[in-house]
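A.B. asks: Sequence:
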Amino acid sequence: MAGARGAGPDRHLSAAAPRYQPRAAAVRGRLPGPTGAGASHQAARHYRHDRLSGADRAPPRTARDLLRHAAGIDRDRCLGRARAGLGLVGTPSNRTVVIGLELGDGHLVNAWARAGRLPALKALMEEGSWGWLGTTAEQLHISAWPCIYTGATPGEHGVYFTFQPAPGLQGYQRFHTGLYGRPTFWQLLDQAGRRCAVLDPPYSHPEEGFGGAFVYDWGTWAHYLKPGSSPPGLLRQLEQANGTYPLGMEANDLGFTPLEVVDTARRLVRSVQAKADAACWLMREHGRDLAFTVFGETHVAGHYLWTDALQDPERRMGASPMLDVYLALDRAIGQIRAAAGPEATFVVISGDCVGPNRAGWQLLPEVLTRLGFLATPQMQAAGDGAPAPARRFDPVKALRDLLPKDFRKSLARRLPTKLRDRLAQRVDTADIDWTRTRAYCLPTDLEGYIRVNFRGREPQGIVEPGAGYEGVLAELTTEIGALRDAGTGRPIVREILRADQAFPGDHAAYLPDLIVRWDASAPIVAASSARVGTVSVPSPDGRPGTHQGPGFLLACGRGIAAGAVLHDGHILDFAPTLLARMGVAVPPHMHGRVWPELTAV
0 MAGARGAGPD RHLSAAAPRY QPRAAAVRGR LPGPTGAGAS HQAARHYRHD RLSGADRAPP
60 RTARDLLRHA AGIDRDRCLG RARAGLGLVG TPSNRTVVIG LELGDGHLVN AWARAGRLPA
120 LKALMEEGSW GWLGTTAEQL HISAWPCIYT GATPGEHGVY FTFQPAPGLQ GYQRFHTGLY
180 GRPTFWQLLD QAGRRCAVLD PPYSHPEEGF GGAFVYDWGT WAHYLKPGSS PPGLLRQLEQ
240 ANGTYPLGME ANDLGFTPLE VVDTARRLVR SVQAKADAAC WLMREHGRDL AFTVFGETHV
300 AGHYLWTDAL QDPERRMGAS PMLDVYLALD RAIGQIRAAA GPEATFVVIS GDCVGPNRAG
360 WQLLPEVLTR LGFLATPQMQ AAGDGAPAPA RRFDPVKALR DLLPKDFRKS LARRLPTKLR
420 DRLAQRVDTA DIDWTRTRAY CLPTDLEGYI RVNFRGREPQ GIVEPGAGYE GVLAELTTEI
480 GALRDAGTGR PIVREILRAD QAFPGDHAAY LPDLIVRWDA SAPIVAASSA RVGTVSVPSP
540 DGRPGTHQGP GFLLACGRGI AAGAVLHDGH ILDFAPTLLA RMGVAVPPHM HGRVWPELTA
600 V
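Using numbering that gives the first Met the number 0, the first residue of the sequence shown is number 0, and each one after it goes up by one.
No lab work stands behind these hints, which were simulated from the structure alone.
Note that the structure is a prediction, hence the values are computed from the model and not measured.
Any given hint could turn out to be false.
[Said to hold, decoys possible] DEER-style ranges, computed between Cβ atoms:
#1 Thr434 x Asp567: 33 to 39 angstroms
#2 Ala599 x Gly340: 18 to 24 angstroms
#3 Arg265 x Glu342: 31 to 37 angstroms
#4 Asp262 x Leu168: 36 to 42 angstroms
Where a beta carbon is used, it is the ideal one built from N, C-alpha and C, also for glycine.
Sequences and hints are given; from them, build the entire structure.
C.D. replies: Below, the structure written as structure tokens:
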């Protein structure tokens, strides 16, 4: 199992990492059950949190001041803010600090900390408790952070990738601010009167009515949204105090040559230090109760600085660009912990770890075409295994294909985001005849994501509910599951999941219908089956590392046992545990358990 890579007997880490099973039982039977075949086409019901007027964004000075503005606002929120205004909750001596590590690898942290290479993390491990975390990143790799934020599953919060489908949309859309179907833990803490400072959580968004300090996309690994803050002037203040973010480009534009890798590592080391300085400033100015900072630099490092040597317990101890970034991260954690004070609760969490980038998603469009699910305007009924016919000419796609890749990327960076997304989707769908397409591929860079062209959900849907929908999913599951490596004959598919069964919920309509997980034991370049024939498509993704399970959590603070191991944890447990530790009621939509080991204060 991939999760056991490099794990050995250790008083801080269990030898085998948990494997998350995407079924209701995996989260203790508290998930809602599927609502029937094709249920994911139903329109989702969006969460709408309470909103405060602009006058209420400033912390109240007295309970009377707050209650004057309480019309239409949730009573618990008012009372919580009143307590905050009177200084009844939260002081710098008992604040909670949460450090998130995007694609932060627990195997590397454990090995390097035990060897004394990461002294700040080693101190936290010795003074606090550690545990592996089961994670939804094994099925929908980007969904881990939204799950950590909300304590809800992907079928309930609805966020799993940068580009994803939606009911009433033919194709896909960019992640946007109104997509979340459940509140984040910092929203709930804010509503309860806790003063929160939040910096760079990935796949987050501007939040109206949030009374704390929130800076988004300042130093995330890829700019999902334009950098900003709440209140609006906060980002400018942060940059005046700490400077601009040093990476200087979207991580997707980084290169792979040895010199470029060294340059990337140097940029990331500087960026980690900048993030630490910004986090300390934001915590000092605004984070009386909670300071939450996510380091996206480990995400970049995981994708670009990964080498197979890091899987070897002995070879990983040598000098490497990856180690340089983790050394900088360790210094940053030490700096933030010192600034937080000795009485602060300190938590480090990651929703996944790193492994070799071996996936076959690039094969699926041609596979679906040969199976007759994905149709082009010029296609006639072709026999099974027949080569795909010539594609329709599209001038935008033709122009794109003529331009050098580096020039295309440079030009795209200068285009408005909406225009860039519109052009990209036009290129991606130029060859699709929706009137005869039963299923198509969604954007991805790891798992395979397949969407049924479902009548009533997609504007040009042709697959009928009931037997039609079920038949398409069954046939796709059988035929994709039959794919073998063209050279060795080994199965290349590890698992195929129905999203509406793995992650039921009122936002399941925003997920793929099928999720294809790959056998990553070897690179996947060509696949074959009796019906498909042989399909060979080299991966366009040159990044050596990618996402896999498990995640991990490290916590230190009052009432948390030193050197203890947390067993059977899951990322869904984090939000309810954090709320409980900070004295806030856990809402019923959260499915994880509250860890008693972290709440006995």
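A.B. asks: State for each hint whether it applies.
C.D. replies: Do the hints match the structure? See the list:
1. Our hint of 33 to 39 angstroms for Thr434 and Asp567 is violated, since their Cβ atoms are close to 50 angstroms apart.
2. Judged by the Cβ atoms, the range 18 to 24 angstroms given for Ala599 and Gly340 holds: they are separated by roughly 21 angstroms.
3. Evaluation of the 31 to 37 angstroms hint for Arg265 and Glu342 yields a pass: the beta carbon distance comes to about 36 angstroms.
4. In this structure the hint that Asp262 and Leu168 lie 36 to 42 angstroms apart at CB holds, the actual value being about 39 angstroms.
Checked against the numbered hints above, the structure breaks only hint 1 and satisfies the rest.
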